[in-house]
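Chains as they are written, first to last, in the numbering used here: chain A, 973 to 1275; chain B, 973 to 1275.
For the record, the hints were derived by calculation from the structure and aren't laboratory data.
A quick note: this is a predicted structure, and the numbers were derived from the prediction, not measured.
Where a beta carbon is used, it is the ideal one built from N, C-alpha and C, also for glycine.
Distance windows between CB atoms, simulated:
1. R1006(B) <-> E1083(A): 38 to 46 Å
2. T1077(B) <-> Q1202(A): 39 to 47 Å
3. E1079(A) <-> P1235(B): 36 to 44 Å
Simulated crosslink set (DSBU-like; lysine-lysine; CA at most 35 Å straight-line):
4. K1215(B) <-> K1215(A)
5. K1262(A) <-> K1176(B)
6. K1176(A) <-> K1262(B)
7. K1090(A) <-> K1192(A)
8. K1215(B) <-> K1262(A)
9. K1262(A) <-> K1172(B)
10. K1262(B) <-> K1262(A)
11. K1215(A) <-> K1262(B)
12. K1192(B) <-> K1262(A)
13. K1172(A) <-> K1262(B)
14. K1192(A) <-> K1262(B)
A partial selection of chain B residues facing chain A, derived with a Cβ cut-off under 7 Å:
15. V1250
16. A1254
17. L1260
18. I1269
19. R1272
There are 2 protein chains.
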Amino acid sequence: MNDKAVQRVVECVPNFSEGRRPEVVEEIVEAIRRVAGIRVLDYSSDESHNRTVVTFVGSPEACEEAAFAGIARACDLIDMEKHEGEHPRLGATDVVPFIPISGVTMEECVEIARNVGKRVGEELEIPVYLYEEAATRPGRRNLADVRRGEYEGLKESIETSERAPDFGPARVHPTAGATIIGARMPLIAFNINLGTSDIKIARKIARAVRASSGGLAYVKALGVMLEERQIAQVSMNLVDYVKTPIPRVLEMVRREAARYGVPVIESELIGLMPMDAVLDTAAYYLQLPKLERSQIIEARIWE
Amino acid sequence: MNDKAVQRVVECVPNFSEGRRPEVVEEIVEAIRRVAGIRVLDYSSDESHNRTVVTFVGSPEACEEAAFAGIARACDLIDMEKHEGEHPRLGATDVVPFIPISGVTMEECVEIARNVGKRVGEELEIPVYLYEEAATRPGRRNLADVRRGEYEGLKESIETSERAPDFGPARVHPTAGATIIGARMPLIAFNINLGTSDIKIARKIARAVRASSGGLAYVKALGVMLEERQIAQVSMNLVDYVKTPIPRVLEMVRREAARYGVPVIESELIGLMPMDAVLDTAAYYLQLPKLERSQIIEARIWE
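Bound-form chain A, shown alone (with noise of 0.2 Å):
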């Protein structure tokens, strides 16, 4: 009599191309929001960069419907013609990742994505390509690679084959540009503080952790310096919580910093995380086979 399925948590970051007009931001915030069963977390818009950041949760179905309405109201107020700003951007709605939270696989995100993208690209005849988990080719899962000449590159470039979209017509929208469209994990933002002012250990440490020199697969890290309290620091994003899991990161930092003679001092989450990340860094940390979510007494009433 106790169990209950998992509710079902997809979450969905779309970026803007527009960061300057408040009231543009407001409407297309507003139609994503409309939508019955979705929540925004956050918004926030840079003005250098020309462009807005909007977090929102909830079941597959209402993110499809929501993220639709969102790059609609997009492509009606946003003019590429006339963008300019300091960030990287091919369109209107310049990226759109799908991301499992809870009781969802990166298999229903990518499907998500698809969903999603043939219909910007049907209906509103945007070319969508997509990306991360979602890439119908090798050289199409890094976001950088996609977005290369950004859109007034674009613009030339559409009709060759190696960048026909994956959705929609080979040319791109007169106003809102072309759109990109993927799934990925969610990623977690923490930061290791160590008990040095020596930058050169915390690069050394970042070296050792992260992927791209060796460490592990699924860590980004640089070696900054909190300059006001003259603390080191290793700056980490966690981009796979669940095949790297974090505690595993914190001991491998803590056992490089040893090699210096240097302790972690404390570490910082920046942002959110999933629930199942906090549960896994207790299970391990507690030396439980398993926490799952059903014995936590909140989750019970949640789900």
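Mind docking chain B on chain A? Use the hints.
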């Protein structure tokens, strides 16, 4: 635009003196479940104890209403003159603890216990004793002390000033007996398995960490043997995870075990724990100054 008040959740775990007539148990559980906003998480009956434990959660107001509804139904359906079972008991509804889970203080749970006690005393004419955090006398904090003499003994001693009830008449209800109502922290049943088959080591560790023999203030512990696996276990009840956090208990057990050259091989959680206990555990080991509920993606949806 992000902050939401934390959902107010109280847990209530009433114990009813009926474990042999499923149809009676169903009627009592149904009276609780019928209250709007209540979720019954679990109920289980023990035939030899002739007793049923129900676990439900809801807002403070809903829990107050549901507890009264369950007590009233049990008063109609259970006759203590005919009740026999191995477990000590004072009444048809034997004991009703209210437990703060989230967004609710212990003081508020004490207030709920008093409100329900007053109604039970006045409307149902059942004498009520307040216990644990709601106790009105030091000698009534401990449940076993309040239950001394059981239903049969209380019939005679209730007229003494020492046993005067906190609410209701100074005579035992002719069928429902008396009821013990109070407030306490959630109890976390947490066991640690050792890399040894020597139960004496588990017993020594239990003595070191439990309050009764000089250890941590909110820990009850026993050394037990998992016979099939030939593993010695420190079996614990953590009765205040805020004041005596789980990681501190584990690390003390680990330290004591190391005196005998014995490792901790795994731990197990029996039943449920509150989300704050998981967040506090993750924060402790990750060296995060604090991990807030609002930093968990799903918690932002639910609240």
